[in-house]
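*Asks:* Below are the chains, spelled out letter by letter.
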Amino acid sequence: MFSYKKKNNSALSLLAAGLLLTGLSSCEKVIDVKLNEADKKIVVDAVLTDQEGGCMVKLSKTKKFEEDNNFAGLAGASVSIKDETGAVSQLTETQPGIYKHNTLKGAPGKRYELTVVVEGQTITGSSTMPQPVHLDSVYIKKQKFFDEDEIFANIMFVDPGGIKNFYRVVQFINGVKSNFNFLMDDDLSDGKDFNSTLYFLPDDDKKKIKPGDAVTIEMQGIDAAVYKYWFSLDQSASGSSSSAAPSNPVSNLSGGVLGYFSAQVVQRQTVIAP
Amino acid sequence: MKNYCFILLLTCSAFVAAAQKKVTVGGMVKSKSNGETVIGASVKVDSVAGTLSNEYGFYSLTLPEGEHTIEITSVGMQPQYFDVDLHRDTTMNLTLDDESHDLKEVTITESTGGRSLSSAQTSVEKLSMKEISNIPVLFGERDVLKAIQLLPGIKSAGDGNSGMFVRGGAADQNLILLDEAPVYNASHLLGFFSTFNSDAVKDITVYKGGMPAQYGGRLSSVLDIKMNDGNNQDFNVSGGVGLISAKLNVEGPIQKDKSSFLITGRRTYADVFLKASDKYKDNSLYFYDLNAKVNYILGDKDRLYLSGYFGKDKLGASLGDGQGFGMDWGNATATLRWNHIFNNKLFSNTSFIFSNYNYKISIKTGAYDFRIFSQIQDFNFKEELQWYAGDRNTLRIGINSIYHTIRPGEVTSGDESTIGSTALQKRYSWENAAYITNNWKALDNLNITYGVRLSAFTILGKGDFYDLAPDGSVADTTHYNSGQVVKTYMNLEPRVAASWQFNRNSSVKASYVRNAQNLHLISNSTSASPTDKWLASTNIIKPELSDQVSLGYYRNMSGNKYELTVEAYYKTMQNQVDYRDGANVYSSNNAIESELLFGKGRSYGLEVLLKKKVGRLSGWVSYTLSKTERQIDGINNGDWYNARQDRTHDIAIVATYQLNKKWTLSANWVYYTGDAITFPAGKYQVDGQTVYYYTQRNAYRMPDYHRLDLGATCKLKETKKWSHELAFSLYNAYGRENAYTIYFRDNKDDASKTEAVKVALFKFIPSISYNFKF
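These protein sequences, in sequence, are chains H and S. Residues 1 to 274 (my numbering) make up the first sequence, in order. Residues 1001 to 1774 (my numbering) make up the second sequence, in order.
Okay, chain H solo, but in the shape it has when bound (with noise of 0.2 Å):
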């Protein structure tokens, strides 16, 4: 739970920061920077769920810092997932580089492991699926921040005592994600009651919420490795620059690709703003 704790200190940085430069000039301007090209490497998203329809693997390439942010899928690839049990089973591929397949879904507490062959390299992964943890409420507040009314969405649901529990929050506004990660562990809240605020800042007044929207929470319970991913691609591949040192996410693959496997339990709730 110490991850809540730092992105506050730097919340605290922020406003320091901020507090002392009111009224004084402090500026961002967009800049050019000259960026040698690198080798493209292959990126691998892919997630089990505990729910029909929601196995889905995305591989595509990195692109060039210059070039714009589609996905550009890399096709022809075979992409399989093996239960426990030792069962195969083979992904189709819907579009370039999109890996579905229809009915299969992971059960909680069993390990899965992925595989990708592509481009005559073979990449692997596990990902074991956590128990899941019931999400009790979704709420919007308006709360007051820095002596403006903002409005945020919070959580309520309970700690399973006795177990680590990794959990990744996602918010989407009307349909459209919201461009941030909200993480949380129990290592400081071990079978506690949680209702927690997710606190999103956009550097745009229109990705904020607003009186009207449906806002859809998704819940994922990840396990261990998926969590030390998206924990460290938020500390340090995210382009923020309060990061010390920007390396690439932590993965769970083999082959020295970029991305992760994750077998996640996942829940939604959508409540309109009031």
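Read the hints as simulated data drawn from the structure, not as lab findings. A virtual CB, placed ideally from N, CA and C, is assigned to each residue, including glycine. Some hints here could point you the wrong way.
[Unchecked claim] Capping the alpha-carbon separation at 30 Å, the derived lysine-lysine pairs in DSS-like fashion look like this:
| id | chain 1 | residue 1 | chain 2 | residue 2 |
| --- | --- | --- | --- | --- |
| 1 | H | LYS210 | S | LYS1364 |
| 2 | H | LYS144 | H | LYS110 |
| 3 | S | LYS1763 | H | LYS29 |
| 4 | H | LYS34 | S | LYS1748 |
| 5 | H | LYS41 | S | LYS1758 |
[Stated by the list, open to error] Chain H regions said to be covered by chain S (calculated; three or more residues, Cβ under 8 Å):
| id | segment |
| --- | --- |
| 6 | 190-198 |
| 7 | 245-259 |
Given the coordinates of chain H, assemble chain S onto it according to the supplied hints.
*Replies:* Coordinates of chain S only, in the frame set by chain H:
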């Protein structure tokens, strides 16, 4: 063993009997006006270099019997000459007058002082408080740490960051001492200011290399800051009011000539304006600090000093409804010292020192209600003898013993909090050192200082200690009971330096030094943060070691008007600490070692300093050419990479011009190569989010940094009784938008594009402050 024999041999050579009868003269050097002892005053005999007064103002000279002229000089003081006829050992206290302010012609007679050509000490920088007082600064807040960063080899960590890098070392490799007490976090307000109130500071000396044997425990530098003792002649009140802070200094005799006190306080009041504004009225942001000192002269032979520092920063953000974040942090130090003069040849100092640094964070939002506390605390004992063993040898022998207690993190939670209470294990360690060093005047123009420091760092229980598997996970845990020795690291640190003086105006010097460091600061952000973590060495974290050689050429020119210093250094560092990719240094995991990686570093460079010390125009030009690299298995494929603080060029120009009796103008300009930094080599999408792809560590550069600051001081009135002045400054005069950070993001309007964004902090910051003294 070989080292010991060598030292023994050299020491013995000191006692070769002298042919002529010698007598010893010794005593204290003091300022006439305020009774302050004078540190580092040059005491010359018959125009030949003699000695320097020590850090307590004590000097001792052994001379042939008969008539001599003693000349004594110090920066900011009028030179004094004494004719003496010595036939037996004599105690002679010397007093110096302040430089006169009533000169008919306006000239700055900053008397010779400056760098000693004859002393074997290399890589040392000193700034007088007078030099510091004219340098224009941010918000008009004079700052000794910012001032020394204008000297070669000492690099600022950048705007909004008080950290400094000395000869390629990291920010935690500087030993910062305030009246001998280590200061663990020397910054206020997240690095915009240092903890040292320049009003309370008497002397600042920075060792970049060739550290004398009495200092140890950090790899890169020693910053030795001495507080004023307090005027024992007259009462004095001085103070100042600036844009963001006010300060007051009161000092005076308790009993004239015998004892005195000093109290200096400083507080920022930006929060007063916050309170006035509706928007921020529930937020707080301020710091204060307090320096206090008393000293007693107990007869001719003894003197006691008690000094203390206490500082605190407070930061709070309200989220309304009684919810919010708060953070406060601060240092406290106390030093009790006893000077004893056994005789004119033997001086002793005994110190009891306490240092403490802690921070507290409180968070109350929704179901989260908890406080975090972390602390490092030292009890420290020092004993040192300085033995002026003859006309050619001065020995220092001492011991130092420090007991460290580190509380890495303790969480206390409210009853209803989602976060439960927990505490990381406390860590205990006992750091001991013994040293001996001799300053040997081998020939009239050859000085050799040689010595050794033996340091022992003992890790004590109670607590769990770990063995790690190659992937960093804990393989085995061993529990130690309270007081049980986990491990002791012994390090022998040789210190050797020599100077050869060609003639009256030039000399060369060389030195070799080894340093060991057992306290390591772990930080996961680019700028220093109050919550950076101090760790003691463990069975896995080995002592950091550095070996440095330096070579210098020193020359005084145009009748001592100019002083040129050229130094080159090469330094290697072992057991450097870095963290693994994705490390969570704030985890409740006690085995912090599992988040760390270890490697080595090297740094080399050339430093040039040209100083003009005399005349209406004074100042200096400083230039550093350097390279700093690291190699750590697990980072950058194990290849050498540029350390973040690697800067190729670093230039500072500092100038002060005395326009007339009323006005003094000043300017400084700095330029340096941008820090080494990691930029992405590409990008990709994961779960609809743009993620950046990195290949090489620190392969890019921030844009070059440069900045001009201007200052002007107007003396409104100046008499012996009372003076006041206005100081103006303009920070970043030509408004250069220096990059504070560069980050990458999706374009706001077109999310299919990414862009690089530069953030700059300061543009033209004017300030005005009013200072008075009576």
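*Asks:* The structure should be examined with respect to each hint, and the outcome stated for every one.
*Replies:* Each hint tested on the structure:
no.: 1; hint: H:LYS210 / S:LYS1364; result: 25 Å, holds
no.: 2; hint: H:LYS144 / H:LYS110; result: 43 Å, violated
no.: 3; hint: S:LYS1763 / H:LYS29; result: 14 Å, holds
no.: 4; hint: H:LYS34 / S:LYS1748; result: 21 Å, holds
no.: 5; hint: H:LYS41 / S:LYS1758; result: 27 Å, holds
no.: 6; hint: 190-198; result: holds (count 7)
no.: 7; hint: 245-259; result: holds (count 8)
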